[in-house]
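Asker: Produce the entire structure from the sequences given, and follow the hints as far as they go.
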Amino acid sequence: MTTLSSTERPPGASGSPAGSGGPARRGRRRLGDRLLFAYTWAVIIWLALPIGVMIAFSFNNPHGRYNFTWTGFTLKWYGPHLFDYPSLTTAIGNSLIVAASATTGAVILGTLVGLALGKYRFRGLGTANLVQFAAIAAPEIVLASSLLSFFVTLRVPLGLPTIIVAHIMFCLSFVAVTVRARVLTLDRSLEEAARDLGAGAWTTFRLVTLPLIFPGVLAGALLAFAISVDDFVVTSFVAGSQQTFPLWIWSATRNGLPPQVDVLGTLIFVGGLLLVSAATLIGRRRPA
Amino acid sequence: MRRLRAAAVPYLLILPGGLWLVIFFVIPLIALISLSTQQGDIVDGFTQTFHFANYATAWSNYHQQFLRSLLYGGLATILCIVLAYPMAYWIAFRGGARKSMYLFLILLPFFVSFVLRTVSWQYILGDNGLVLGPLKSAGIFPQGFRVLATGTAVIGGLTYNYLPFMVLPVYVALERIDFRLVEAAQDLYASRAVAFRRVVLPLSLPGLFAGVLLTFVPVAADYVNASLLGGTSNTMVGNIIQDEFLNVQDYPTGSALSFMLMALLLVGMFSYARALGTEEVLEVAAR
Chain A
1 MTTLSSTERP PGASGSPAGS GGPARRGRRR LGDRLLFAYT WAVIIWLALP
51 IGVMIAFSFN NPHGRYNFTW TGFTLKWYGP HLFDYPSLTT AIGNSLIVAA
101 SATTGAVILG TLVGLALGKY RFRGLGTANL VQFAAIAAPE IVLASSLLSF
151 FVTLRVPLGL PTIIVAHIMF CLSFVAVTVR ARVLTLDRSL EEAARDLGAG
201 AWTTFRLVTL PLIFPGVLAG ALLAFAISVD DFVVTSFVAG SQQTFPLWIW
251 SATRNGLPPQ VDVLGTLIFV GGLLLVSAAT LIGRRRPA
Chain B
1 MRRLRAAAVP YLLILPGGLW LVIFFVIPLI ALISLSTQQG DIVDGFTQTF
51 HFANYATAWS NYHQQFLRSL LYGGLATILC IVLAYPMAYW IAFRGGARKS
101 MYLFLILLPF FVSFVLRTVS WQYILGDNGL VLGPLKSAGI FPQGFRVLAT
151 GTAVIGGLTY NYLPFMVLPV YVALERIDFR LVEAAQDLYA SRAVAFRRVV
201 LPLSLPGLFA GVLLTFVPVA ADYVNASLLG GTSNTMVGNI IQDEFLNVQD
251 YPTGSALSFM LMALLLVGMF SYARALGTEE VLEVAAR
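Residue numbers (my numbering), protein chains in the order written: chain A, 1 to 288; chain B, 1 to 287.
Please note that the accuracy of each hint is not assured.
As the list claims (entries may be wrong) - Below, a sample of chain B positions facing chain A; criterion: calculated Cβ distance under 7 Å:
1. Leu13
2. Pro16
3. Trp20
4. Phe24
5. Leu32
6. Trp90
7. Leu105
8. Val112
9. Ser113
10. Phe145
11. Leu148
12. Ala149
13. Gly151
14. Phe245
15. Gln249
What the hints assert, rightly or not - Computed list of chain B residues with no C-beta within reach of chain A, every gap over 10 Å:
16. Asp41
17. Asn61
18. Gln122
19. Gly144
20. Leu201
21. Gln242
Stated by the list, open to error - Ranges between beta-carbon positions, derived for each pair:
22. B:Ala97 / A:Trp46: 56 to 64 Å
23. A:Phe73 / B:Arg198: 37 to 45 Å
24. B:Ala8 / A:Leu154: 27 to 35 Å
25. B:Gly74 / A:Leu154: 49 to 57 Å
26. A:Asp196 / B:Tyr272: 44 to 52 Å
27. B:Ala184 / A:Arg30: 38 to 46 Å
28. B:Asp127 / A:Ile108: 27 to 35 Å
29. B:Leu188 / A:Leu190: 43 to 51 Å
30. A:Arg30 / B:Val82: 41 to 49 Å
The hints are simulated quantities; they were obtained by calculation from the structure and are not laboratory data. Idealized CB from N, CA, C, for every residue including glycine.
Answerer: Dropping the structure here:
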């Protein structure tokens with residue numbers, strides 16, 4: 001049986017997958033594909049459903065804070081009314097401050113770690129990888145409760161600085177992983193060529209290595225920003241009396257979420273899409 | 001001298017980030033473990049008395065929530081597999097030029113805040129909300145019917161929030177499969193079902209394995225979904241930890257629960273990896 005070559009097969013029993021079998025079999029295959037296609041789209045629509053609800057209700061015109069039922073179309077929340085809740089405005093500001101600082105810190109520290117892990121073999125590499133893996137794999141609530149235990153033990157006052165410090169901690173590993181992946185694809189001979197042409201270590205890094213790993217750094221920065229701005233669990237443990245956007249939403253759920261939250265959510269959604277599209281274009285301009 | 005400096009380069013690069021991780025990840029973990037055996041209260045402070053009974057008390061008070069976390073985590077992970085696999089399969093083998101568009105659509109929820117997405121489900125599933133309201137007034141469901149504040153809503157929310165973490169690794173594994181292997185199987189008279197079971201499935205197991213790790217651990221430790229969608233009678237261990245730390249301020253109990261959760265999940269992860277080690281799975285499947 002196993003020695004049977006393709007020329008000896010009885011007709012109609014096989015062939016390329018697209019043309020395998022008779023018409024009945026092909027029909028079944030097409031039906032299967034169609035079902036899978038419909039299934040995929042059904043799941044995608046399910047995934048998008050809450051986003052659709054959020055965007056729709058950002059145009060709703062409710063009486064008071066209870067934005068549960070559709071009461072009419074309005075654009076007014078996209079104007080000055082967006083800032084009707086000063087604590088919400090502060091929370092959004094805090095989110096941006098935290099995300100910007102955490103991204104900056106995590107990109108600097110994480111890029112250096114990513115370079116070390118990707119470019120060099122050294123004693124302790126295994127431990128470094130393990131700690132990093134643990135920081136990514138540990139459940140968030142464990143990170144959160146550890147940090148709070150740590151800050152309580154040392155009597156560190158909680159606030160924006162503790163949030164930023166915590167965010168740098170969990171964002172840094174994600175940056176390191178993205179940068180490391182990029183470093184592994186580097187063509188070493190380019191750096192060697194620069195050194196042969198008389199460039200020093202710093203010049204080589206600035207003019208050759210950094211531009212080559214830049215897409216990785218950029219992807220890491222976007223990832224860090226996204227994770228930081230959306231973080232709820234760790235932030236809620238180390239925030240003290242400060243609030244960020246997710247924390248504000250959480251504390252407001254009991255009293256009903258005003259439409260301003262949906263507007264801000266929609267603006268962040270659209271802004272994020274634009275940012276990622278721009279980054280994708282930049283990444284395409286610098287092929288690997 | 002120069003060689004010495006060259007050897008120091010990776011350590012110098014890794015030093016700032018490594019120190020950061022040690023100070024704000026490793027040492028806090030030790031602080032957590034230490035706090036878990038202390039006694040006292042928030043006003044007078046806690047003192048280390050190696051009071052291991054904290055663990056026994058925490059377990060006897062909250063084992064129900066612990067077991068519920070594992071149950072919900074397991075069910076949501078299974079649902080994620082069921083939802084993710086067919087779609088990852090279709091995108092990998094039939095997505096054609098639109099593969100990245102489909103992946104992008106699957107990642108869309110990540111552009112909306114996690115808490116906001118879950119609150120959105122609260123609205124959708126509400127007792128008189130967007131779905132049940134019209135169905136109830138049409139008489140399809142009785143007035144007392146509810147989805148919100150049930151375990152079903154929590155598992156649904158968890159599945160929703162973590163599905164992309166299952167789709168992506170499964171997709172990556174399927175995408176790498178050389179389709180000529182499937183053709184070869186069919187040339188050797190394997191039916192489509194057999195070709196799937198003996199070629200595609202075994203080759204996609206590493207992705208499935210990664211997906212299970214990426215979903216089960218965060219799902220079992222989640223408390224946002226249980227809080228927003230589960231009411232008061234479907235709490236998970238995360239809810240208790242959060243409550244002990246942020247409301248009750250009984251840090252030792254919270255720490256003990258947190259450490260138990262981490263230990264349980266780590267032991268689970270490692271024994272899972274051992275039992276289903278990728279090569280062994282491939283060997284079993286090949287037989």
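Asker: Look at each hint and say if it fits the structure.
Answerer: Okay, the hints, checked on the actual structure:
1. Leu13: It holds, given that the least Cβ distance between leucine 13 of chain B and chain A is near 4 Å, below 7 Å.
2. Pro16: Proline 16 of chain B check passes; min Cβ-Cβ to chain A is 5 Å, inside 7 Å.
3. Trp20: 6 Å, holds
4. Phe24: The hint holds - phenylalanine 24 of chain B has a Cβ within 7 Å of chain A, the shortest such distance being about 4 Å.
5. Leu32: 4 Å, holds
6. Trp90: Holds, about 4 Å.
7. Leu105: 5 Å, holds
8. Val112: 5 Å, holds
9. Ser113: Serine 113 of chain B check passes; min Cβ-Cβ to chain A is 5 Å, inside 7 Å.
10. Phe145: 18 Å, violated
11. Leu148: This interface hint is violated because 12 Å lies over the 7 Å limit.
12. Ala149: Nearest chain A Cβ about 13 Å off; hint violated.
13. Gly151: With a closest approach of 19 Å, the glycine 151 of chain B hint is violated.
14. Phe245: 6 Å, holds
15. Gln249: 9 Å, violated
16. Asp41: 12 Å, holds
17. Asn61: Non-interface label stands for asparagine 61 of chain B: nearest chain A Cβ at 17 Å, farther than 10 Å.
18. Gln122: Since the minimum Cβ distance to chain A is about 7 Å, glutamine 122 of chain B lies within 10 Å and the statement is violated.
19. Gly144: Holds, since 19 Å exceeds 10 Å.
20. Leu201: 16 Å, holds
21. Gln242: 7 Å, violated
22. B:Ala97 / A:Trp46: 56 to 64 Å: Taking Cβ atoms as reference, alanine 97 of chain B and tryptophan 46 of chain A lie about 24 Å apart, which means the hint is violated.
23. A:Phe73 / B:Arg198: 37 to 45 Å: 56 Å, violated
24. B:Ala8 / A:Leu154: 27 to 35 Å: 31 Å, holds
25. B:Gly74 / A:Leu154: 49 to 57 Å: Since glycine 74 of chain B and leucine 154 of chain A have Cβ atoms about 38 Å apart, the given range 49 to 57 Å is violated.
26. A:Asp196 / B:Tyr272: 44 to 52 Å: With a Cβ separation near 50 Å, aspartate 196 of chain A and tyrosine 272 of chain B satisfy 44 to 52 Å, so the hint holds.
27. B:Ala184 / A:Arg30: 38 to 46 Å: 22 Å, violated
28. B:Asp127 / A:Ile108: 27 to 35 Å: Violated, since aspartate 127 of chain B and isoleucine 108 of chain A (Cβ atoms, about 49 Å apart) do not stay within the stated range.
29. B:Leu188 / A:Leu190: 43 to 51 Å: Between leucine 188 of chain B and leucine 190 of chain A, where Cβ atoms are some 46 Å apart, the hint holds.
30. A:Arg30 / B:Val82: 41 to 49 Å: Violated, at about 23 Å.
The structure is inconsistent with the numbered hints 10, 11, 12, 13, 15, 18, 21, 22, 23, 25, 27, 28 and 30, although it conforms to all the rest.
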